[in-house]
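Asks: What follows is each chain in one-letter form.
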Amino acid sequence: MAKSASEPGGPTAEVRSNPASTGGYRLIGRRLPLVDAALKVTGRAEYTDDLKRPGLLVGRLLKSTQAHARIVEVEVSAARALPGVAAVLTGERFPTPFGVLPMTHDETALAVEKVRHYGEWVAAVAAQDEETCEEAFRRIRVRYEPLPVYDDPEAGQRPVAEKIHARALRDTNIQKEVFQHFGDVPRAFREAYAEVKVQGRFAGVNHGFTEPHCVLAEATPDGRLTVWSATQVPHYLHRALSEVLGLPLHRIRVIKPEVGGGFGGKSDPFPHEIACAALALETGRAVKLLLDREDVFYVNHGRHPTRNTVRLAANEAGEFTALDVEALLDGGAFSSFGVVTTYYNGVLALGPYRLPAFRYHGVRAYTNHPPSGAMRAHGGTNIRYSLEMAVDALAERLGRDPLALRLQNLLSANTQTVNEFRITSNGARDCLTAVRERSRWRERFRQLPFGEGIGVACGFYISGSNSPIHFTPRFPQCTVHLKVDMDGGVTIHCGAADIGQGSKTLLAQVVAEVLGIRMDRTRVAAVDSDTAPVDLGSYSSRVTFMMGNAAKRAAEELREILSRSAGEILGHPPEEMSFEDERIHREGSPEVGVDFLTAVHRAMEHRGALVASGSYESQPMGGTFKGAKAGTAPAYSFSAYVSHVKVDLETGFVDVKKVWAAFDCGRALNPLAVEGQIEGSIHMGLGQLLSESMDYRGARLMNPSLLEYKILAPQQMPEVECLLVGGEDPEGPFGAKEAGEGPLIPVLPSVGAAIHDALGIRFLDLPITPEKIFRALERSRRDGGAKKPPLPRETTES
Amino acid sequence: MTRSVSLRLRVNGVPLERSIPPNRILLDLLREDLNLTGTKRGCDLGTCGCCTVLLDGVPTLSCLTLAKLVEGTEVTTVEGLGEHGELTALQRAFVERGATQCGFCTPGFLMTATALLRDHPTVSRKEIQEALSGNLCRCTGYVKIIEAVEAASRSGASPSLP
Numbered sequence: 000m001a002k003s004a005s006e007p008g009g010p011t012a013e014v015r016s017n018p019a020s021t022g023g024y025r026l027i028g029r030r031l032p033l034v035d036a037a038l039k040v041t042g043r044a045e046y047t048d049d050l051k052r053p054g055l056l057v058g059r060l061l062k063s064t065q066a067h068a069r070i071v072e073v074e075v076s077a078a079r080a081l082p083g084v085a086a087v088l089t090g091e092r093f094p095t096p097f098g099v100l101p102m103t104h105d106e107t108a109l110a111v112e113k114v115r116h117y118g119e120w121v122a123a124v125a126a127q128d129e130e131t132c133e134e135a136f137r138r139i140r141v142r143y144e145p146l147p148v149y150d151d152p153e154a155g156q157r158p159v160a161e162k163i164h165a166r167a168l169r170d171t172n173i174q175k176e177v178f179q180h181f182g183d184v185p186r187a188f189r190e191a192y193a194e195v196k197v198q199g200r201f202a203g204v205n206h207g208f209t210e211p212h213c214v215l216a217e218a219t220p221d222g223r224l225t226v227w228s229a230t231q232v233p234h235y236l237h238r239a240l241s242e243v244l245g246l247p248l249h250r251i252r253v254i255k256p257e258v259g260g261g262f263g264g265k266s267d268p269f270p271h272e273i274a275c276a277a278l279a280l281e282t283g284r285a286v287k288l289l290l291d292r293e294d295v296f297y298v299n300h301g302r303h304p305t306r307n308t309v310r311l312a313a314n315e316a317g318e319f320t321a322l323d324v325e326a327l328l329d330g331g332a333f334s335s336f337g338v339v340t341t342y343y344n345g346v347l348a349l350g351p352y353r354l355p356a357f358r359y360h361g362v363r364a365y366t367n368h369p370p371s372g373a374m375r376a377h378g379g380t381n382i383r384y385s386l387e388m389a390v391d392a393l394a395e396r397l398g399r400d401p402l403a404l405r406l407q408n409l410l411s412a413n414t415q416t417v418n419e420f421r422i423t424s425n426g427a428r429d430c431l432t433a434v435r436e437r438s439r440w441r442e443r444f445r446q447l448p449f450g451e452g453i454g455v456a457c458g459f460y461i462s463g464s465n466s467p468i469h470f471t472p473r474f475p476q477c478t479v480h481l482k483v484d485m486d487g488g489v490t491i492h493c494g495a496a497d498i499g500q501g502s503k504t505l506l507a508q509v510v511a512e513v514l515g516i517r518m519d520r521t522r523v524a525a526v527d528s529d530t531a532p533v534d535l536g537s538y539s540s541r542v543t544f545m546m547g548n549a550a551k552r553a554a555e556e557l558r559e560i561l562s563r564s565a566g567e568i569l570g571h572p573p574e575e576m577s578f579e580d581e582r583i584h585r586e587g588s589p590e591v592g593v594d595f596l597t598a599v600h601r602a603m604e605h606r607g608a609l610v611a612s613g614s615y616e617s618q619p620m621g622g623t624f625k626g627a628k629a630g631t632a633p634a635y636s637f638s639a640y641v642s643h644v645k646v647d648l649e650t651g652f653v654d655v656k657k658v659w660a661a662f663d664c665g666r667a668l669n670p671l672a673v674e675g676q677i678e679g680s681i682h683m684g685l686g687q688l689l690s691e692s693m694d695y696r697g698a699r700l701m702n703p704s705l706l707e708y709k710i711l712a713p714q715q716m717p718e719v720e721c722l723l724v725g726g727e728d729p730e731g732p733f734g735a736k737e738a739g740e741g742p743l744i745p746v747l748p749s750v751g752a753a754i755h756d757a758l759g760i761r762f763l764d765l766p767i768t769p770e771k772i773f774r775a776l777e778r779s780r781r782d783g784g785a786k787k788p789p790l791p792r793e794t795t796e797s
Numbered sequence: 000m001t002r003s004v005s006l007r008l009r010v011n012g013v014p015l016e017r018s019i020p021p022n023r024i025l026l027d028l029l030r031e032d033l034n035l036t037g038t039k040r041g042c043d044l045g046t047c048g049c050c051t052v053l054l055d056g057v058p059t060l061s062c063l064t065l066a067k068l069v070e071g072t073e074v075t076t077v078e079g080l081g082e083h084g085e086l087t088a089l090q091r092a093f094v095e096r097g098a099t100q101c102g103f104c105t106p107g108f109l110m111t112a113t114a115l116l117r118d119h120p121t122v123s124r125k126e127i128q129e130a131l132s133g134n135l136c137r138c139t140g141y142v143k144i145i146e147a148v149e150a151a152s153r154s155g156a157s158p159s160l161p
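For the protein sequence lines, the chains are R and L, in the order given.
The numbering of the first sequence is numbering that gives the first Met the number 0, which starts it at 0 and goes up by one.
The numbering of the second sequence is numbering that gives the first Met the number 0, which starts it at 0 and goes up by one.
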C-alpha cells in the first residue's frame, strides 16, 4: 500500500490550514484524508454484500401487490416443498411490532393481518439461490381482501372507514398531532405593522444512497445469532432483534461493515433485517438478503411529503414579532421517526431569528404510501424553505434588503428561544456577513439581468439531540473504550457508525491529538456489539459532538495513566508531562522524556491490561411543557448561504452557478471532511429543490428507480465556496459542532430566493421543475410579462 | 436444466477459462464467482454506475453485460488498478482530496476516470463532468471527485492498466 494512504497524517497529506488556525493542535483542524480512504479506492473496503459465509443461503422478500388490504390467506406449502428452499416465513411467525421510537412500535418483520402499502413484504424465502427464491414466490398464493386506499393526509384528518392503524387518533388516520403556543400570537398579528403568509408544498424524497440495504444473518450451534447489516444505528437494531426474536441481547451480535451511505435512511431498525435474522434462526444457517433498488424505494423512510403554511409578523422597525406555523405531513404506512418529525417541522423554525411569539399546529397522518421517516436535516428542511420565503416576502413588503432584515433579527449567542432552546455559541452573524461580502451581495441583488438572480437564506440545526430515544436504562449517549496493546497500538472501541461521514477518522484524530501520537498508531475497531460500548447511532448530527467528547475523555484518562508511568521513569511529577511526537517528556524540556511505547510498557507492569474509557452525556435541558425536549440540543450549528442562478427563459431550466456557503460548525476538526459534508449537502438539497420527487398516482409509486427518480448529475453541480466561519463551541470537543445535516438546510431557500430575484416569481411547490418554471413564465407573459422585483427602498448597507 | 457455456477472457491481466451458465451477468461473474467484490452493485439497471469496469479499456456497466459476450476481452476492475500494491496517481488523488466518503461509488468513478485520463491526459473540468455523468455519487456532490481527477490530470502520471 502506498505510504500516503496508510499515513493520513503523513507528509503527503495536503495541509492548507496554517498552525494559527488550528489553535496549536497537531491534528485537530487539519485537512486530513479519511483513514479508510485507501481501502475504498482499492475496492478492499468490505460492505455487507461483499461478505460470504459457509453454506450461505439467499434470502428474498415477496412484495404486496395491494396498497391496503386484509390478508385472507398466505398459502406457502407449495413453496416450502420446492427443492432448494430452506425456509418460508410469513408474518405470524414473528409478529411482535417494532419501530425506532419506543412509543410507536407499528412495523413488523412481515405483514401481519393486513398490508398497508404497495411493496410491503408479506413473505420471506431462504433458498440455495436467487432463481429458487423466484420460483418459490411463483408458488406462494396470497389472497387479499382490498380495503379503502388512503393517499391523502388531508383526508386522513377526517373520519375514515378503515383506519390504517388501530392506534391512529380517534376515527382518523392521524398518527401524531402537536399544538404549541408561546407568547401571544393572535395579539402580535393584530398589532403587526406587516405580515406575510406563505404556503409551501413539498414532494417526498428518498435518501438515494448508492448501496442498497443489505443484511447477512447467521445462526450458529452455540445458540448465538450474528447479524451484519448496513445500518446507521447498530444499537437500535440490536434491541429490535432481541425484542422481536425473543433472544436476550447477549446472544445477538450486531456488526456494522462499511455502509454505502445512509442520510437517515438506514437509521430505523428495518423489517428486512428482522426477517433475515428470522430466516437464519429458522434454518440454523447463514442467510444474506440484498434489496433491489425498487425495494429501497418501497421501504423508503425518506423525507415526508409536506404541506405547510407560515405566517410571519413584524413591527414597523422590521423586528419579527410572531410566527404561526401549520404543517401537514404524509407519514405513509408506518410511524418511524414521525413523532419527532412532527415536532421538528415546527420547532426547527425557532432559530436563528428572534421570535417572541410562536404557535404551531402539526399533524402527521398515516397514508398507504411507503413510510416516511428521517432524512438528512430531518424535519428542518421543508419548514425552513417556507420560513425563509416568508422572510423574503416580508422584506419586500417592508421595502427592506432581505439580508439586512435577517441580520437585524438574529438571535444572539448565549440566549434562549421562546420555547426554551438553550443557545450557546452562535456564528449566524458571521455567516451572513461572510456571504454578503464574498458574493458581492450589494452590487448584485435585484441588479442582475432578468433571468439571473441571487438569493440568501439562513439555517440552524441541532448538534445532537439532547434526549436519547431510549432512556431506560439511562446510558451515556456515547461511550468509547481504549485498549493499548504491548505493541503500543491504541485500539479504539466505539459503537458509532461510520457511514462515510468520517467518524472513524475523527476518533483516530481526537485520540492521537490527546496522546501526542501518530494517527496510524490508532486502529478503530469497526462496530461490533460484542466489543463496542453503546453509542446511540449516526443520526441527529450527534456523532462529532457526543462521540468526539467521549473519545477525548477516554484519551485523557489514558493520558493520566501514561503521565504517571513516564513521571516515574523520569523522576518528575506526572502533572509536568507533555505528550508530543510519540514521546512523553517534561514540559519545556523535550530532552527529558521517554518514548510512548516505553511509557506504555511501564504502565503495563503495574496493571497488566491498559484500558481507559470515556463517555458523554448531555445535561438536562428544555422546558417542562409537552414536547419540550424535541429539538433541544447541547449546541446548534448556524449557517447562511447565498446562491446565484441563471434561468433559461426558453426551457425553464435552472442553472445554479455558484453557492457561497458559510457554516458555523464551531471549530472544524477536519476542514476537508466538513467541506465534503457541505458540498454533498448542497447536491442533495438542490436535488430536492429542482428535480427529486417520489411521484405517486394514487397510492402507487411511479418512479422507484434511479433512472426516473432524478438525482443531480455532475454537470448540474454549482461551484461551491465553503466559508467555515465558526468560533469555538464551549462544550463541543475541541470546540466543534455538527456539520453533517445543517449544511443542507439553507441551500433550498437560497436558490428559491435567487429564482425569485431572477424572475419575480416565488415558487412554493417543490421540486421546482423546468416545466413548472416554463408554465409560470407562460402565465406571466399572458399577464403582461414577468419582471424583476423592485430594488428595496433600504440601501443595502446595514 | 441450465446449460453451461465456456468462457475465456483475461481479468486484471490474468487469463481465465471457466464454464458458466449462459445467462451469467458479468457483475455476478466478478463478484460471486471470482470474489472481486470491489465492483459494486447499486441498482442492477445501469442507472448508477457503481458496477463500471473496463472492457478492453472502455468503461462498461457490468450489471448490463452478459459474461459470455465479453469472450476474449480484457476486463479491468478496481482491483486491477496500480501495480505492486501501489496506488495510481488517480487513486492517491482520491485519497488526499477527500473524493471518497462512503466509498460505494468510488470504484466505478475510478474506472471511468482512469479511461478518461488515459485517452485525454489533460482534461478540462467540463470534460471531466461529462465523462463522469454516468456515475452517481450521493455523498460528495462530485466536487472533490472532479478536483481529484483534475489533480491527477495535472500530475501527468498516465494511469497504468494491466
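Among the hints, a few may not be true.
To be verified - No farther apart than 30 angstroms at their CA atoms in a straight line, the calculated lysine-lysine pairs in the BS3-like style are these:
id	chain 1	residue 1	chain 2	residue 2
1	R	Lys-709	L	Lys-125
2	R	Lys-482	R	Lys-645
3	R	Lys-51	R	Lys-113
4	R	Lys-787	R	Lys-656
5	R	Lys-657	R	Lys-482
6	L	Lys-125	R	Lys-771
7	L	Lys-67	R	Lys-656
8	R	Lys-482	R	Lys-196
9	R	Lys-645	L	Lys-125
10	R	Lys-657	L	Lys-67
11	R	Lys-51	L	Lys-125
Since the hints were made in silico from the structure, they are not lab data.
Note that this is a predicted model, so its numbers are computed, not measured.
Asks: Hint by hint, say whether it matches the structure.
Replies: Hint check results:
no., hint, result
1, R/Lys-709 <-> L/Lys-125, "holds, 21 angstroms"
2, R/Lys-482 <-> R/Lys-645, "violated, 55 angstroms"
3, R/Lys-51 <-> R/Lys-113, "violated, 35 angstroms"
4, R/Lys-787 <-> R/Lys-656, "holds, 19 angstroms"
5, R/Lys-657 <-> R/Lys-482, "violated, 47 angstroms"
6, L/Lys-125 <-> R/Lys-771, "holds, 28 angstroms"
7, L/Lys-67 <-> R/Lys-656, "violated, 45 angstroms"
8, R/Lys-482 <-> R/Lys-196, "violated, 58 angstroms"
9, R/Lys-645 <-> L/Lys-125, "holds, 18 angstroms"
10, R/Lys-657 <-> L/Lys-67, "violated, 47 angstroms"
11, R/Lys-51 <-> L/Lys-125, "violated, 41 angstroms"
Violated hints, listed in ascending order, are 2, 3, 5, 7, 8, 10, 11; each of the other numbered hints is respected by the structure.
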